[in-house]
Amino acid sequence: EAQLVESGGGLVKPGGSLRVSCAASGFTFTSYTMSWVRQAPGKGLEWVSCINSNDNYIYYADSVRGRFTISRDNAKNSLYLQMNSLRAEDTAVYYCVRDGGWLLNAFDIWGQGTLVTVSS
Amino acid sequence: EIVLTQSPGTLSLSLGERATLSCRASQTVASSYIAWYQQKPGQSPRLLIYGAFSRATDIPDRFSGSGSGTDFTLTISRLEPEDFAVYHCQHFGSSPPRTFGQGTRVEI
Numbered sequence: 001e002a003q004l005v006e007s008g009g010g011l012v013k014p015g016g017s018l019r020v021s022c023a024a025s026g027f028t029f030t031s032y033t034m035s036w037v038r039q040a041p042g043k044g045l046e047w048v049s050c051i052n053s054n055d056n057y058i059y060y061a062d063s064v065r066g067r068f069t070i071s072r073d074n075a076k077n078s079l080y081l082q083m084n085s086l087r088a089e090d091t092a093v094y095y096c097v098r099d100g101g102w103l104l105n106a107f108d109i110w111g112q113g114t115l116v117t118v119s120s
Numbered sequence: 121e122i123v124l125t126q127s128p129g130t131l132s133l134s135l136g137e138r139a140t141l142s143c144r145a146s147q148t149v150a151s152s153y154i155a156w157y158q159q160k161p162g163q164s165p166r167l168l169i170y171g172a173f174s175r176a177t178d179i180p181d182r183f184s185g186s187g188s189g190t191d192f193t194l195t196i197s198r199l200e201p202e203d204f205a206v207y208h209c210q211h212f213g214s215s216p217p218r219t220f221g222q223g224t225r226v227e228i
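So the protein lines, in turn, are chains A and B.
Just so we're aligned: the first sequence equals residues 1 to 120 in the working numbering.
Just so we're aligned: the second sequence equals residues 121 to 228 in the working numbering.
Because the hints were derived from the structure by calculation, they are not lab data.
For every residue, glycine included, the Cβ atom is placed at its ideal position computed from N, Cα and C.
Among the hints, a few may not be true.
Just the calculated beta-carbon pair ranges, DEER-fashion [stated by the list, open to error]:
(1) B:Thr140 <-> A:Pro41: 25 to 31 Å
(2) B:Thr190 <-> A:Ser63: 33 to 39 Å
(3) B:Lys160 <-> A:Leu103: 22 to 28 Å
(4) B:Ser127 <-> A:Lys76: 29 to 35 Å
Sample of chain B residues at the chain A side, in silico, Cβ under 7 Å [unchecked claim]:
(5) Gln147
(6) Ser151
(7) Leu167
(8) Phe173
(9) Phe183
(10) Gly187
(11) Phe204
(12) Ala205
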């Protein structure tokens with residue numbers, strides 16, 4: 001069974017940094033583009049960033065470009081999001097998601113999420 | 121950038137009733153890029169519909185998607201207790217950003 005498990009969330013002060021991770025299992029990680037999607041408390045979903053299987057296709061939402069960096073380690077079946085210069089508005093649950101590919105054009109597997117709280 | 125507007129914000133219905141949720145795009149989009157997700161309280165979203173019409177794996181047939189151009193609809197034919205949740209539409213697009221609507225809550 002395909003599974004994504006996030007870790008690394010926590011409380012960080014404004015201006016601080018944090019790296020969240022996602023461990024993938026149950027599918028061929030190297031075959032899929034992966035994304036991060038976040039959800040602020042009581043709010044809707046916001047796509048944050050994506051990376052394709054060989055790192056030559058990386059995109060960011062305008063709200064995080066220049067502050068966040070997505071990366072992956074295919075040998076470890078892992079996805080990462082390095083978050084710098086964090087702001088209060090970055091407070092959210094961060095979900096690791098699998099891009100279902102051109103047949104689905106949708107996110108077909110979601111992790112359970114990890115909460116990032118930016119507060120002094 | 122495409123903006124998706126979902127309506128209504130909250131839909132109050134009873135068990136067995138039909139639910140009709142709307143998702144309107146700010147410009148014409150390809151149906152193949154419209155997806156719907158269900159999110160129950162305290163849970164991650166789950167893919168329901170992709171390509172505007174196709175049900176994802178293990179999704180019951182009381183869920184159906186329709187629409188074209190700028191107007192898309194998710195219909196739940198007869199509400200079951202487990203269907204009370206928030207529903208999100210998405211324009212996946214040929215390239216990012218992968219835009220979401222603001223969500224519709226279906227409540228009893």
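We went through each hint and held it up to the structure:
| no. | hint | result |
| --- | --- | --- |
| 1 | B:Thr140 <-> A:Pro41: 25 to 31 Å | 28 Å, holds |
| 2 | B:Thr190 <-> A:Ser63: 33 to 39 Å | 25 Å, violated |
| 3 | B:Lys160 <-> A:Leu103: 22 to 28 Å | 26 Å, holds |
| 4 | B:Ser127 <-> A:Lys76: 29 to 35 Å | 43 Å, violated |
| 5 | Gln147 | 17 Å, violated |
| 6 | Ser151 | 10 Å, violated |
| 7 | Leu167 | 5 Å, holds |
| 8 | Phe173 | 12 Å, violated |
| 9 | Phe183 | 14 Å, violated |
| 10 | Gly187 | 15 Å, violated |
| 11 | Phe204 | 17 Å, violated |
| 12 | Ala205 | 13 Å, violated |
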